[in-house]
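Protein chains: 2
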Amino acid sequence: MLYLIGAGLWDEGDIPLKGIEAAKKCQKVYIERYTSLWNGNLGKIGIKAEDFKRCDMEENVQNVIKEAKEMDVAILVPGDALIATTHSTVILEAKKAGVKFEIIHASSIFSAIGETGLQIYKFGKTATIPYAETEAPYKILEQNLTIDAHTLFLLDITPDRLMTCSEGLKKLLEMEAKFGKRLLSKDTKVVVFCRAGSPEKVLKYDKISNLLDLDCTLCTIIIPGPLHFAEKEYLESL
Amino acid sequence: MLYLIGAGLWDEGDIPLKGIEAAKKCQKVYIERYTSLWNGNLGKIGIKAEDFKRCDMEENVQNVIKEAKEMDVAILVPGDALIATTHSTVILEAKKAGVKFEIIHASSIFSAIGETGLQIYKFGKTATIPYAETEAPYKILEQNLTIDAHTLFLLDITPDRLMTCSEGLKKLLEMEAKFGKRLLSKDTKVVVFCRAGSPEKVLKYDKISNLLDLDCTLCTIIIPGPLHFAEKEYLESL
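Just so you know, the protein sequences line up as chains A and B, in that order.
If you use the working numbering, the first sequence corresponds to residues 15 to 252, in order.
If you use the working numbering, the second sequence corresponds to residues 15 to 252, in order.
Just chain A, same shape as in the assembly (with noise of 0.2 Å):
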């Protein structure tokens, strides 16, 4: 058997009930904190785990599928169990090879942006800005913006870096630079949320340039669409 566990957006205390109690009965657990990173302590709820990394999740999951036929196994995965596609290949390979599984799901940043007073319904596709240059989540951010959708863009994590608000901030102005269609600027109005679920979150909205010194991590940044006024006083009491 294997289970598929989220373990929420920071720490050991946002794991749901029922998936700390499968993660005990397991004779194995495994922790994945590549995608994404997680700070909890599984040994304070009485859980011992094993780091997986990534190269393990590509390349071993055959030997993760081959243990679940013979013993319960679970897979803690940060934030909610299913947002990375790496995930969802566990669980095909587990279906291909009979090996019964079940999902359990916790928090995420995709419902948690609900905290910035945005309507979650009116969100459209979400980016991630990566160190490399590309135009992709710009071109995002003009598909959104044609059907009045907020972004949410995800900042790169790399196994030696996490990028910044503020790095996250310029790479946007950039691009704007670069392909110039105008869709945002230095007083464009964005929120930044970092550290969602964490007692250090920062949570603000403001103009990009009065953000441009803000280097925290573990961020994301939204450009919103045109505003609700429910939205709008929510935001102008952050």
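Please note that a few of the clues may not be correct.
One copy or two, it doesn't matter: identical chains are merged, so the pair holds either way.
Stated by the list, open to error - The calculated DSS-like cross-link candidates involving lysine-lysine, where the alpha carbons are at most 30 Å apart (straight line), are: (1) K246 - K80; (2) K42 - K58; (3) K109 - K200; (4) K39 - K58; (5) K203 - K114.
Derived by calculation from the structure, the hints in this document are not laboratory data.
Go by the hints and put chain B onto chain A.
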């Protein structure tokens, strides 16, 4: 102090550990079951809660805020904490009154849709299909299709009626017949995902014509945009 706590997708097992701990130390705990159904039994985990009707949420927010000035009060909300606008209002009123608050996030359909195999980054705006006649969900589908995004449809919940999957699909076909933009037909392949997070969940990928008899409730319907091959492979394994 006011705690707004996500109770997660289905039952008490979906509440994150820190949500349970916070609710247990509160003198008063409310559960809000109007905006969405929730099947938990809080007694099982030692929490005593009062039901909270919508009229209370809108008319009596001031009373809750008053209580929260004098004691620790928790409001448990199905799904994640801040999906419904009503709950943002509670936070806004708490701020105005100078009442401290904490938001605890939980699992939600907005990230659980990752379980369908569709990439969460590619979802566009979300629509609700109401019992009332309206063009709104059809317009949102049109917008999302212009940017190649997937569309998540939530189904109407009224105090005395839950829209079934079959009713929702028929409503979509009726809108197509009425507004005629060729966005869908009986042959359109859609995803239905019902009772997410529960042992009785239903997850299907099929032509609308083959799903018209599906009378389960607590459903979502997804009309996918263009599919990536990994999405296709996953959907076809359902």
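Reference check for the pair K42 and K58, CA-CA at most 30 Å: within, between, both, or neither? both (17 Å within a copy, 28 Å between copies)
Up to 30 Å CA-CA - K200 versus K109, copy category: Between copies, since 29 Å is at most 30 Å while 49 Å is not.
Go through the copies and call it for K246 and K80: within, between, both or neither, with a Cα cutoff of 30 Å. between (52 Å within a copy, 25 Å between copies)
Please work out whether the CA atoms of K39 and K58 approach to 30 Å or closer within one copy, between two copies, in both situations, or in neither? both (16 Å within a copy, 20 Å between copies)
Tell me, please, which holds for K203 and K114 at an alpha-carbon limit of 30 Å: within, between, both or neither? Between. Shortest inter-copy distance 26 Å satisfies the 30 Å Cα cut-off; intra-copy 48 Å does not.
The earlier numbered hints are all upheld by this structure, with none contradicted.
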